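Trainee: All chains, please: the whole structure from these sequences, using the hints.
Protein sequences, first through last, are from chains A and B.
Read left to right, the first sequence gives residues 0 to 115 (the working numbering).
Read left to right, the second sequence gives residues 437 to 742 (the working numbering).
Hints in this document: simulated from the structure, not taken from any laboratory.
Wrong hints could be hidden among the right ones.
Said to hold, decoys possible - Chain B stretches covered by chain A per the calculated footprint, using a threshold of three residues with CB under 8 angstroms from any CB of chain A: (1) 560 to 571; (2) 574 to 585; (3) 692 to 701; (4) 711 to 717.
To be verified - In silico DSS-like cross-links for lysine-lysine, where the CA-CA straight-line distance does not exceed 30 angstroms: (5) 707(B) x 97(A); (6) 664(B) x 3(A); (7) 110(A) x 707(B); (8) 97(A) x 683(B); (9) 101(A) x 696(B); (10) 110(A) x 481(B); (11) 101(A) x 683(B); (12) 454(B) x 73(A); (13) 32(A) x 707(B); (14) 109(A) x 481(B); (15) 3(A) x 583(B); (16) 42(A) x 516(B); (17) 110(A) x 535(B); (18) 104(A) x 696(B); (19) 73(A) x 481(B); (20) 110(A) x 664(B); (21) 583(B) x 73(A); (22) 3(A) x 683(B); (23) 500(B) x 32(A); (24) 73(A) x 736(B); (25) 92(A) x 497(B); (26) 736(B) x 42(A); (27) 683(B) x 92(A); (28) 104(A) x 454(B); (29) 42(A) x 481(B).
To be verified - Only part of the chain B face toward chain A is listed, based on derived beta-carbon distances under 10 angstroms: (30) 532; (31) 671; (32) 678; (33) 679; (34) 680; (35) 720; (36) 721; (37) 725.
As the structure is a computational prediction, the values presented were derived from the model and not from experiment.
Backbone N, C-alpha and C fix where the C-beta goes; we use that ideal spot for every residue, glycine too.
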Amino acid sequence: MDSKLEKALDFSNFRQTLFNQQQTLFSKVEDLKLLTYRDRLIKTSEQLIALTKTMIDLDNVEFIVDDVNGNPVKIDDPKDFLENIVDTYANAKNEHFKGYEKIRKARSIKKLVNFE
Amino acid sequence: MKKSEKQDLLKNSSTLSKGAIFFAYNNNQLNYIKLAYLSASSVRKYLNLPCTLITDDGSLKYSKGLKINDIFDNIIVHEKSESIPNIRNYYDTPYASYKAQFNNLNKHEVFELSPYDQTILFDVDYLVNNNILNLSFNIDAPVQLYKNAQTLKNTEPDHPADKQLKDTGIPLYWSTIIYFDKSPMSKMFFDMWKHVKENYDYYQSIYRFPEGLYRTDFAVSISMHLLKGFTDCIDNVFAELPGSPMKYMAYKDDIANVDKNGIVFFANNYKEEWQNILTYSEGENLHLMNKRAIERHYDKLMELYV
Numbered sequence: 000m001d002s003k004l005e006k007a008l009d010f011s012n013f014r015q016t017l018f019n020q021q022q023t024l025f026s027k028v029e030d031l032k033l034l035t036y037r038d039r040l041i042k043t044s045e046q047l048i049a050l051t052k053t054m055i056d057l058d059n060v061e062f063i064v065d066d067v068n069g070n071p072v073k074i075d076d077p078k079d080f081l082e083n084i085v086d087t088y089a090n091a092k093n094e095h096f097k098g099y100e101k102i103r104k105a106r107s108i109k110k111l112v113n114f115e
Numbered sequence: 437m438k439k440s441e442k443q444d445l446l447k448n449s450s451t452l453s454k455g456a457i458f459f460a461y462n463n464n465q466l467n468y469i470k471l472a473y474l475s476a477s478s479v480r481k482y483l484n485l486p487c488t489l490i491t492d493d494g495s496l497k498y499s500k501g502l503k504i505n506d507i508f509d510n511i512i513v514h515e516k517s518e519s520i521p522n523i524r525n526y527y528d529t530p531y532a533s534y535k536a537q538f539n540n541l542n543k544h545e546v547f548e549l550s551p552y553d554q555t556i557l558f559d560v561d562y563l564v565n566n567n568i569l570n571l572s573f574n575i576d577a578p579v580q581l582y583k584n585a586q587t588l589k590n591t592e593p594d595h596p597a598d599k600q601l602k603d604t605g606i607p608l609y610w611s612t613i614i615y616f617d618k619s620p621m622s623k624m625f626f627d628m629w630k631h632v633k634e635n636y637d638y639y640q641s642i643y644r645f646p647e648g649l650y651r652t653d654f655a656v657s658i659s660m661h662l663l664k665g666f667t668d669c670i671d672n673v674f675a676e677l678p679g680s681p682m683k684y685m686a687y688k689d690d691i692a693n694v695d696k697n698g699i700v701f702f703a704n705n706y707k708e709e710w711q712n713i714l715t716y717s718e719g720e721n722l723h724l725m726n727k728r729a730i731e732r733h734y735d736k737l738m739e740l741y742v
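Mentor: In structure tokens form, the structure reads like this:
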């Protein structure tokens with residue numbers, strides 16, 4: 000191990016590194032929640048899924064949601080849209096869980112940053 | 437198959453061509469073609485896009501050891517039209533720096549040079565590690581680029597000039613990656629960029645950003661400000677790329693190690709330069725500003741994209 004690395008490891012605080020890796024994971028998961036639909040960029044969320052399911056249950060054949068910039072997007076096939084957003088959201092949260100478990104089990108800075 | 441997936445497939449198989457473009461003009465310190473080779477390898481692996489290299493004859497001759505035809509589908513030899521000095525101070529960690537010509541004066545010409553209907557222009561120090569940028573092809577916005585960026589420590593940029601052109605100035609848009617199509621709106625954007633470049637001193641006096649180096653980030657930011665009617669509104673013509681904020685490794689950060697899945701960094705403390713924390717990045721797109729660090733770990737980085 001070179002002295003620069005030793006010095007960096009000395010200065011590195013485990014909690015700081017842990018927090019940083021959690022933030023990194025969070026950003027990645029936020030990106031995984033994105034999908035495009037009708038030429039718009041949409042971020043999936045529990046609320047969006049709940050809204051879509053409610054609209055389907057109330058027999059709405061179309062409804063409006065916001066894209067990431069707050070622009071309205073018409074959803075004209077709610078069932079297909081629901082399938083898409085559930086898939087995307089579930090995949091993002093699975094990745095979140097996998098990443099979180101890996102971070103949670105790490106007990107050293109070296110393990111947190113995969114430096115073995 | 438879901439209806440929207442079918443639509444996406446239909447879109448992908450449509451006659452619109454898609455591709456990535458890299459400008460690479462070597463200077464006396466850095467082999468930009470070698471950097472472009474690495475970046476294009478990452479693009480091919482994660483975005484599966486054809487890649488075009490724009491370079492000059494001298495740089496191309498210097499790259500004989502690289503199998504550039506394996507990575508680039510198209511090589512355009514486009515000599516630089518101007519040879520104005522544009523000297524940049526490059527850092528390599530807080531402890532070393534070097535000066536070299538920054539050949540970025542003709543970047544706005546990409547609109548004319550691109551052989552694709554839909555193009556993503558990449559800086560050669562950008563590594564793609566996921567497929568999120570492919571979403572940009574499905575968004576109804578002719579020009580897309582990043583406005584927000586964050587450091588390896590997941591914080592806002594340390595340097596004020598990486599957020600705004602000056603303390604109370606307009607926000608900075610990054611020219612690191614730009615998606616554009618061949619629409620009149622895109623053409624207008626690149627024409628405005630050219631105009632700002634040609635009148636850079638004038639705009640420097642108006643927008644009060646630091647004198648000297650021609651930064652395409654500044655030219656792009658001013659173009660956006662002018663085209664958006666002097667406001668900083670969110671619109672559907674000039675949109676942010678998916679995956680905002682753009683994550684970057686600053687000039688004073690370093691690479692500690694590259695493993696088979698990701699990169700371990702020394703994230704430097706801007707205020708106390710002798711301190712670093714270790715950070716690990718896997719599956720994130722990264723703008724690696726410290727080009728010497730890329731050179732030191734080049735072979736290992738290439739292994740990520742085999």
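Trainee: Given the proposed pairing of residue 110(A) with residue 664(B), does the C-alpha separation stay at or below 30 angstroms?
Mentor: The hint is violated at about 47 angstroms.
Trainee: Are three or more residues of the region 711 to 717 of chain B within 8 angstroms, CB to CB, of chain A?
Mentor: holds (count 7)
Trainee: Verify this for me: three or more residues of the region 560 to 571 of chain B with a beta carbon less than 8 angstroms from a beta carbon of chain A.
Mentor: The restraint on the region 560 to 571 of chain B holds, since 3 of its residues have a Cβ under 8 angstroms from chain A and three suffice.
Trainee: Minimum Cβ distance from residue 721(B) to chain A below 10 angstroms?
Mentor: With a closest approach of 9 angstroms, the residue 721(B) hint holds.
Trainee: Hinted pair, alpha-carbon criterion (30 angstroms max): residue 110(A), residue 481(B). Please report holds or violated.
Mentor: holds, 27 angstroms
Trainee: Double-check residue 720(B) for me: the hint is only fine if its C-beta lies closer than 10 angstroms to a C-beta in chain A.
Mentor: holds, 6 angstroms
Trainee: For the region 574 to 585 of chain B, count the residues whose Cβ lies under 8 angstroms from any Cβ of chain A; is that count three or more?
Mentor: holds (count 3)
Trainee: Quick check on residue 678(B) please, does its C-beta sit within 10 angstroms of some C-beta on chain A?
Mentor: Where the cut-off is 10 angstroms and the nearest Cβ of chain A is about 6 angstroms from residue 678(B), the hint holds.
Trainee: Take the C-alpha atoms of residue 97(A) and residue 683(B), compute the straight-line distance between them, and say whether it is at most 30 angstroms.
Mentor: holds, 22 angstroms
Trainee: Does residue 671(B) meet its interface restraint, that is, does its C-beta lie within less than 10 angstroms of any C-beta in chain A?
Mentor: holds, 8 angstroms
Trainee: Quick check on the hint: residue 725(B) CB to chain A CB, less than 10 angstroms?
Mentor: violated, 18 angstroms
Trainee: Assess, step by step, whether the Cα of residue 707(B) is no farther than 30 angstroms from the Cα of residue 97(A), and give holds or violated.
Mentor: violated, 34 angstroms
The structure does not agree with the numbered hints 5, 6, 13, 15, 16, 17, 19, 20, 23, 24, 25, 26, 28, 30, 37 stated previously, though it agrees with the rest.
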